[in-house]
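Line order of the protein sequences matches chains Z and D.
Quick note on numbering: our numbering labels position 141 of the first sequence as 141, and the sequence is numbered without any gaps.
Quick note on numbering: our numbering labels position 156 of the second sequence as 156, and the sequence is numbered without any gaps.
Any given hint could turn out to be false.
In silico SDA-like cross-links for lysine to any residue, where the CA-CA straight-line distance does not exceed 25 Å [to be verified]:
| hint | chain 1 | residue 1 | chain 2 | residue 2 |
| --- | --- | --- | --- | --- |
| 1 | Z | K96 | Z | F107 |
| 2 | Z | K96 | D | L63 |
| 3 | D | K55 | Z | L85 |
| 4 | Z | K96 | D | N124 |
| 5 | D | K6 | D | D79 |
| 6 | D | K108 | Z | L85 |
| 7 | Z | K96 | D | K167 |
| 8 | Z | K96 | D | I80 |
| 9 | D | K55 | D | K113 |
| 10 | D | K113 | D | E127 |
| 11 | D | K108 | D | G122 |
| 12 | Z | K96 | D | K108 |
| 13 | D | K167 | D | G214 |
| 14 | D | K113 | Z | K96 |
| 15 | D | K55 | Z | Q280 |
| 16 | D | K55 | Z | G179 |
| 17 | Z | K96 | D | Y14 |
| 18 | Z | K96 | D | M231 |
| 19 | D | K113 | D | S169 |
| 20 | D | K55 | D | M231 |
| 21 | D | K55 | Z | Y159 |
| 22 | D | K108 | D | S128 |
| 23 | Z | K96 | D | S169 |
| 24 | D | K108 | Z | Y159 |
| 25 | D | K55 | Z | L157 |
| 26 | D | K55 | Z | F107 |
| 27 | D | K108 | D | D79 |
With beta-carbon atoms standing in for the labels, derived distance ranges [to be verified]:
| hint | chain 1 | residue 1 | chain 2 | residue 2 | range |
| --- | --- | --- | --- | --- | --- |
| 28 | Z | T81 | D | V78 | 52 to 62 Å |
| 29 | Z | P273 | D | G136 | 21 to 31 Å |
| 30 | Z | T81 | D | K55 | 23 to 33 Å |
Hints in this document: simulated from the structure, not taken from any laboratory.
Just so it is clear, the structure is predicted and the values come from calculations on it, not from any experiment.
Glycine included, each C-beta is placed from N, C-alpha and C at the ideal position.
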Amino acid sequence: MLYDALIAPFTEFEFMRRALAAVIALSLGAAPIGVFLMLRRMSLVGDAMAHAILPGAAVGFLLSGLNLIAMTVGGLIAGFTVAILAGLVARVTELKEDASLAAFYLFSLALGVTIVSIRGTNIDLLHVLFGNVLALDDQTLLAIAINATVTMVVLALIYRPLVMECVDPLFLRSVSRAGAPAHLAFLALVVINLVNGFHALGTLLAVGLMVLPAGIARFWARDISAMMVIAVLAAIVSGYAGLVLSFFTGVPPGPAIILVTALVYLASLLFGPVSGLLRQMFPARHLEA
Amino acid sequence: MGAQLKFHNVTLGYDRHPAVHHLTGEVAAGALVAVIGPNGAGKSTLFRGLAGILKPLSGSIDLGGLDIRDIAYLPQSVDIDRSFPISVFDFVGTGLWRSIGFFGGMGKPERDKITRALAAVGLNGFESRSIGTLSGGQTQRMLFARVLLQDARLIVLDEPFNAIDTKTSADLLALVKRWHDEGRTVLAALHDMELVRDHFPETLLLARGPVAWGATAEVLTAENLMVALRMCEAFDDSAAACSDDMPSRAA
């Protein structure tokens, strides 16, 4: 019975196995990135970047139809351009990163919509908007896995300067010039993972597997390494549960996955040991020293 | 000993307005120098120039061949994200950046070094606390532990004893003296004249330009201090471009 509900869908249907593999790969890359976004108070930046990617993907779609490679490259170009321009402007001028990013992503979004409307074709952008994790071909699955691998390797390489730039940016500047390159590499990883996510979850929800697991982890751990592990686990478990939910109810998989993640987030908000609401309402007695 | 630092007619400032104006002089290797002056005199600006965070508007600073990693800079208002989930041990460990860099492993010798540095500043037992739980004085001790691990030839401390109680300042001052004994060059911006008189052999009295620079007893005269106090903190938007190419010498 339990087997039928929880395991049979994956043993019986290949598309479910593929979807699960994709979700696991996405979780491994996106969740640690999300933890850094959260710690750098950039969670909404992920959302803005997702908007910046949309026009690039749309242009790729216009030029070569539903070709995932073209859409990925288009999205990467648009995302990188916006991320790097925003990062540079924030570093060179007085404008802060959020304001400069807002300016560039709006520009990118407007440009993309303009291009689409000038071409005037009746495009089916549903795939880009909402993705479909149940219909991934080999190529896309491989691309997702490669992107996730690249993410983990690069994150490991820039881990120390990235942490130092979060905690004490002035100190990093006084001992090394690695701060700016590490920051740009990090923004690039955000873009890669959003593009990765849009095949499975669509551009609008791609940011979900990034930001929500990080929020969940904050309620369970005080240490950044533990946070990243918990975030990855939360993303994988929610992804799996979302796929099962989608399989039995017919809800589209993207929203199903993000809904489950959001429920886990709400539960963590209530029951999490680190500043969870219940813990705050019923604190344990204070210690002697 | 030779000079560690040479200021060649340096002007440092913001938006073309000078905060340190035409400073020329030398700091000997191994010197222990107090930099004093009223608020807005340019002490912090000078230190930011030394740390390579601010480029001079004109003139140059000769670091005597030091790489930026040979300089430990402790800013006045530390811009630490105290909510970041990192332990005191790991935070202090970033001071080992020079020796372990991006990927170097943290073996037993490194861990021992960190433990010893924490012990030296009196923070034993705080290793696994997250940095947000420390008090102001404890935070300052932690920052000194990081400076200790940086093992730098030049140490620049911007008002290190501000808002710190006597016990903590005494402990940290002992560390400063230890660095001096080890032959490192130490510059510290200070406001406590008594402390400067008692512990710092050399003093630079700054008031945008250098008012006096030399042996502490000769610099800290009532007359010099009056001159420094009269310095106006003017930030004149319509100021003309400075044509004074002659260095104003004080040392």
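For each hint, the structure was consulted:
1. Z:K96 x Z:F107: 17 Å, holds
2. Z:K96 x D:L63: 32 Å, violated
3. D:K55 x Z:L85: 24 Å, holds
4. Z:K96 x D:N124: 39 Å, violated
5. D:K6 x D:D79: Violated. K6 (chain D) to D79 (chain D) sits at ~29 Å, over the 25 Å cutoff.
6. D:K108 x Z:L85: With a Cα-Cα distance of about 43 Å, the restraint between K108 (chain D) and L85 (chain Z) is violated, given a limit of 25 Å.
7. Z:K96 x D:K167: 40 Å, violated
8. Z:K96 x D:I80: 18 Å, holds
9. D:K55 x D:K113: Violated: K55 (chain D) and K113 (chain D) sit about 34 Å apart, past 25 Å.
10. D:K113 x D:E127: Judged against 25 Å, a Cα distance of about 13 Å means the pair holds.
11. D:K108 x D:G122: 21 Å, holds
12. Z:K96 x D:K108: At roughly 41 Å apart (the allowed maximum being 25 Å), K108 (chain D) and K96 (chain Z) break the hint.
13. D:K167 x D:G214: 29 Å, violated
14. D:K113 x Z:K96: Roughly 38 Å separates the two Cα atoms, so the pair is violated.
15. D:K55 x Z:Q280: 48 Å, violated
16. D:K55 x Z:G179: 18 Å, holds
17. Z:K96 x D:Y14: Within the cut-off at roughly 18 Å; holds.
18. Z:K96 x D:M231: 34 Å, violated
19. D:K113 x D:S169: 23 Å, holds
20. D:K55 x D:M231: Roughly 24 Å between the alpha carbons, so the hint for K55 (chain D) and M231 (chain D) holds.
21. D:K55 x Z:Y159: Given that 25 Å is the threshold and the Cα spacing comes to 28 Å, the pair is violated.
22. D:K108 x D:S128: Holds, because 17 Å separates the two Cα atoms, which is no more than 25 Å.
23. Z:K96 x D:S169: With a Cα-Cα distance of about 36 Å, the restraint between K96 (chain Z) and S169 (chain D) is violated, given a limit of 25 Å.
24. D:K108 x Z:Y159: 21 Å, holds
25. D:K55 x Z:L157: 30 Å, violated
26. D:K55 x Z:F107: Violated, at roughly 34 Å.
27. D:K108 x D:D79: Given pair K108 (chain D), D79 (chain D) is violated - Cα atoms ~30 Å apart, limit 25 Å.
28. Z:T81 x D:V78: 52 to 62 Å: Since the Cβ atoms of T81 (chain Z) and V78 (chain D) sit about 35 Å apart, the hinted range of 52 to 62 Å is violated.
29. Z:P273 x D:G136: 21 to 31 Å: Once the Cβ atoms are compared, 28 Å apart, the range 21 to 31 Å for G136 (chain D) and P273 (chain Z) holds.
30. Z:T81 x D:K55: 23 to 33 Å: With a Cβ separation near 29 Å, T81 (chain Z) and K55 (chain D) satisfy 23 to 33 Å, so the hint holds.
Comparing the model with each earlier hint shows violations of hints 2, 4, 5, 6, 7, 9, 12, 13, 14, 15, 18, 21, 23, 25, 26, 27, 28; every other hint is respected.
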